[in-house]
Amino acid sequence: MKVLPVNPTDNATPEALRAFLGQCAELAAAARSPQLVSISMAVDSLDPLAVLESIFEPAELHFYAERPAQGFGVAGAEAMVTETFSGAARFAQAKAFITRTLQHSIAVGPLEENFAGPHFFVLGGFAHEAPTAAPFPALRVFVPRWQVSRMGDGSVAVANVLVAPDLPLDAIVQKLWKAHAKFRAFDYRAAANRDRPSAPKRIEEVGRAGGYQRAVAQALAEIARGDYEKIVLARAQRLTTAEEFHPLGVLNHLRQHYPACYAFSVANGSGQSFIGASPERLVRVAGGRMHTEALAGSAPRGASASEDAAFARAMQHSDKDQREHRIVLGSITRRLADLGLRLEHADQPRVLGLANVQHLHTPISATLPDGVHILDLVERLHPTPAVGGTPRKPAVAAIARLEGFARGLYAGPIGWVDHRGGGEFFVGLRSALIDGHTATAYAGAGIVAGSEPENEFAETELKFKALIEALTNR
Numbered sequence: 001m002k003v004l005p006v007n008p009t010d011n012a013t014p015e016a017l018r019a020f021l022g023q024c025a026e027l028a029a030a031a032r033s034p035q036l037v038s039i040s041m042a043v044d045s046l047d048p049l050a051v052l053e054s055i056f057e058p059a060e061l062h063f064y065a066e067r068p069a070q071g072f073g074v075a076g077a078e079a080m081v082t083e084t085f086s087g088a089a090r091f092a093q094a095k096a097f098i099t100r101t102l103q104h105s106i107a108v109g110p111l112e113e114n115f116a117g118p119h120f121f122v123l124g125g126f127a128h129e130a131p132t133a134a135p136f137p138a139l140r141v142f143v144p145r146w147q148v149s150r151m152g153d154g155s156v157a158v159a160n161v162l163v164a165p166d167l168p169l170d171a172i173v174q175k176l177w178k179a180h181a182k183f184r185a186f187d188y189r190a191a192a193n194r195d196r197p198s199a200p201k202r203i204e205e206v207g208r209a210g211g212y213q214r215a216v217a218q219a220l221a222e223i224a225r226g227d228y229e230k231i232v233l234a235r236a237q238r239l240t241t242a243e244e245f246h247p248l249g250v251l252n253h254l255r256q257h258y259p260a261c262y263a264f265s266v267a268n269g270s271g272q273s274f275i276g277a278s279p280e281r282l283v284r285v286a287g288g289r290m291h292t293e294a295l296a297g298s299a300p301r302g303a304s305a306s307e308d309a310a311f312a313r314a315m316q317h318s319d320k321d322q323r324e325h326r327i328v329l330g331s332i333t334r335r336l337a338d339l340g341l342r343l344e345h346a347d348q349p350r351v352l353g354l355a356n357v358q359h360l361h362t363p364i365s366a367t368l369p370d371g372v373h374i375l376d377l378v379e380r381l382h383p384t385p386a387v388g389g390t391p392r393k394p395a396v397a398a399i400a401r402l403e404g405f406a407r408g409l410y411a412g413p414i415g416w417v418d419h420r421g422g423g424e425f426f427v428g429l430r431s432a433l434i435d436g437h438t439a440t441a442y443a444g445a446g447i448v449a450g451s452e453p454e455n456e457f458a459e460t461e462l463k464f465k466a467l468i469e470a471l472t473n474r
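Sequential numbering from 1 applies to the sequence shown in the numbering used here.
Bear in mind the hints are in silico, worked out from the structure with no lab data behind them.
Keep in mind that a hint or two might mislead.
Claimed, not checked - For each label pair, taking beta carbons as the anchor points, the in silico distance ranges come out as:
no., residue 1, residue 2, range
1, A449, A31, 55 to 65 Å
2, E60, Q174, 17 to 27 Å
3, I203, M1, 47 to 57 Å
4, R334, A221, 17 to 27 Å
5, L339, P165, 17 to 27 Å
6, A346, A69, 15 to 25 Å
7, V3, D170, 17 to 27 Å
8, P5, Q174, 21 to 31 Å
9, E205, G87, 28 to 38 Å
10, D170, P58, 24 to 34 Å
11, G340, G71, 24 to 34 Å
12, V3, G450, 54 to 64 Å
13, Q256, A303, 19 to 29 Å
Said to hold, decoys possible - Simulated crosslink set (EDC-like; lysine to aspartate or glutamate; CA at most 20 Å straight-line):
no., residue 1, residue 2
14, K465, D308
15, K393, D227
16, K320, E459
17, K393, E229
18, K201, E469
19, K393, D376
20, K175, E57
21, K175, E78
22, K320, E229
23, K178, D308
24, K320, E222
25, K201, D435
26, K320, D338
27, K201, E243
28, K2, E129
29, K393, E129
30, K175, E15
31, K393, E222
32, K465, E204
33, K393, E403
34, K2, E112
35, K320, E452
36, K320, D227
37, K178, D44
38, K2, D418
39, K465, E205
40, K201, E461
Glycine included, every Cβ here is placed at the ideal spot set by N, Cα and C.
Using the sequences plus the hints, can you model the full thing?
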């Protein structure tokens, strides 16, 4: 990526912007290729979700993610550059696409700031292939036209434009200048209030009644036979409401009630959105370090501090939960072994308490060797045993056979890659596909030797209850 010594704030006039874009057009002509031009500006404090509410268009792609407890939020809308991939090599192909795009990119502004410069938003399905007519492809990567972010008390606005030698500069300047004025003093009054629909008038199980318990029983037989050690089996429920769902109305609820989770929404530009509040980070890369985690083993929250602590203690001393957690931790270690990482983590898992459930949790970190890209990590870590199983190949094959529905983005890797090769990915859990008056919600549980079909069904019911309460005013 070429970085030009231009300060957009000091040169904030339409004439200066036109001269800059003219220079970029000359560089595009010399390179015989369009250039992705990224203009970043530090701005007054912005709320990314409020901005997205103001510019939301159902016919455009969007990406939003926020983790209040971590102090960040980011939103991007409209696709300036986009590509889709499928097959076992989809992450390697996406990495090559990002590398090629950055080779033909020009950036200006305070690139040392968090979320400055071009960002590639990545929406990954659970499986390498997506069914025909699926709402989302197996993997989509896009750079938005507009991006706003907040990290702590700092905010950055980014405009991305594709510049070619024959670009109509005057029209582009006018559009960018209008956006510049808007983001410098954002007026939130244009945003319409979005509320959640009322309680579902119908909830349908996707698949046959009683099918989940039978699937768990079959999985336990296959575990006893030695086919695999652990498998994660999910359920899907289709909710129908009198009013239409709006993803941003649901998000306002999610970020307030689940501050330790990634509240997120990704849209396909055809009116459908995948939203949720995921508790699980897949991987983060920043400052030459990678961070991931093992998250497995579950218990409910108690009505009092004593009951809550009792549930947590029982989970910590549960042979089934501890064994499930060790399987996940061991699998992560094996999957990253060929990259030369020296993983650092505590000997015993912690308890991660969320609004409606608590998990055994082990943070893992390591110094990243030169030449290792964040998508190399995503490719090896996805799907983790916490959403797939172990050994991975036979467990994932069994999921497709036993569940009876396509997961889509559920339990897939969702996140972003920045121009430095850093970024962050989370797992698309506690989530639902929104489509007009319907929402398809997903919930799963880990199955190991000693699991009981009715107990695993009860765990998914607990997760569904929280998700339905978040989706609707139930």
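Each hint, compared with the structure:
A449 and A31 have their C-beta atoms about 59 Å apart, which keeps the hinted 55 to 65 Å range intact. A beta carbon spacing of about 20 Å between E60 and Q174 agrees with the range 17 to 27 Å that was offered as a hint. Under the hint 47 to 57 Å, the C-beta atoms of I203 and M1, about 49 Å apart, fit the expected range. Restraint check, R334 to A221: a C-beta distance of roughly 26 Å satisfies the suggested window 17 to 27 Å.
At about 41 Å, the beta-carbon gap between L339 and P165 misses the expected band of 17 to 27 Å. About 20 Å separates the C-beta atoms of A346 and A69, a value consistent with the hinted range of 15 to 25 Å. Between V3 and D170 the C-beta distance comes to about 26 Å, which sits within the given range of 17 to 27 Å. Taken as a hint, the range 21 to 31 Å holds for the pair P5 and Q174, whose Cβ atoms sit roughly 25 Å apart.
Taken as a hint, the range 28 to 38 Å holds for the pair E205 and G87, whose Cβ atoms sit roughly 31 Å apart. As the Cβ distance of D170 to P58 is approximately 30 Å, the hint placing it in 24 to 34 Å holds. Taking the beta carbon of each, G340 and G71 are about 31 Å apart, inside 24 to 34 Å as hinted. For the pair V3 and G450, the supplied restraint of 54 to 64 Å holds, since their beta-carbon distance comes to about 56 Å.
In this structure the hint that Q256 and A303 lie 19 to 29 Å apart at CB holds, the actual value being about 21 Å. Of the supplied pair hints, the one linking K465 and D308 holds, its CA atoms being roughly 18 Å apart against a limit of 20 Å. At most 20 Å may separate the alpha-carbon atoms for a hinted pair to count; K393 and D227 meet this at roughly 10 Å. Note on K320 and E459: the hinted pairing holds, with a Cα-Cα distance of about 14 Å set against a maximum of 20 Å.
With a C-alpha separation of about 11 Å, the suggested pairing of K393 with E229 holds against the 20 Å cut-off. At roughly 14 Å between alpha-carbon atoms, K201 and E469 fall within 20 Å of each other, so this suggested pair holds. Between K393 and D376 the alpha-carbon distance is near 18 Å, which keeps this suggested pair within the 20 Å criterion. For the hint pairing K175 with E57, the CA-to-CA distance comes to about 17 Å; that is within 20 Å, so the pair holds.
With a CA separation close to 14 Å, the supplied pair K175 and E78 stays within the 20 Å bound. The suggested pairing of K320 with E229 holds, with an alpha-carbon distance near 12 Å, which does not exceed 20 Å. Restraint check: the Cα-Cα separation between K178 and D308 comes to about 52 Å, which exceeds 20 Å; the hinted pair is violated. About 17 Å separates the Cα atoms of K320 and E222, which keeps this hinted pair within 20 Å; it holds.
Using a Cα cut-off of 20 Å, the hinted pair K201 and D435 holds, with the two alpha carbons roughly 16 Å apart. The hinted pair formed by K320 and D338 fails the criterion: a straight-line CA distance of about 29 Å is larger than 20 Å. Restraint check: the Cα-Cα separation between K201 and E243 comes to about 10 Å, which is no more than 20 Å; the hinted pair holds. About 35 Å separates the Cα atoms of K2 and E129, which puts this hinted pair outside 20 Å; it is violated.
Proposed proximity of K393 and E129 is supported: the alpha carbons are some 15 Å apart, at most 20 Å. Restraint check: the Cα-Cα separation between K175 and E15 comes to about 13 Å, which is no more than 20 Å; the hinted pair holds. Distance hint between K393 and E222 is fulfilled; the C-alpha atoms sit about 14 Å from each other, no more than 20 Å. At most 20 Å may separate the alpha-carbon atoms for a hinted pair to count; K465 and E204 meet this at roughly 14 Å.
Only pairs whose Cα atoms come within 20 Å are accepted, and K393 paired with E403 is accepted, the gap being roughly 16 Å. For the given pair, K2 sits about 15 Å from E112 by alpha-carbon distance, which is consistent with the 20 Å threshold. Our distance criterion of 20 Å between C-alpha atoms is met by K320 and E452, whose separation comes to about 11 Å. For a cut-off of 20 Å, the pair hint linking K320 to D227 stands: about 18 Å separates their Cα positions.
Restraint check for K178 and D44: satisfied, since their Cα atoms lie roughly 17 Å apart, inside the 20 Å limit. Note on K2 and D418: the hinted pairing holds, with a Cα-Cα distance of about 14 Å set against a maximum of 20 Å. Taken as a hint, the K465 and E205 pair is honoured in the structure, with Cα atoms around 14 Å apart against an allowance of 20 Å. A threshold of 20 Å between alpha carbons decides the hint, and for K201 with E461 the separation of about 18 Å falls inside it, so the pair holds.
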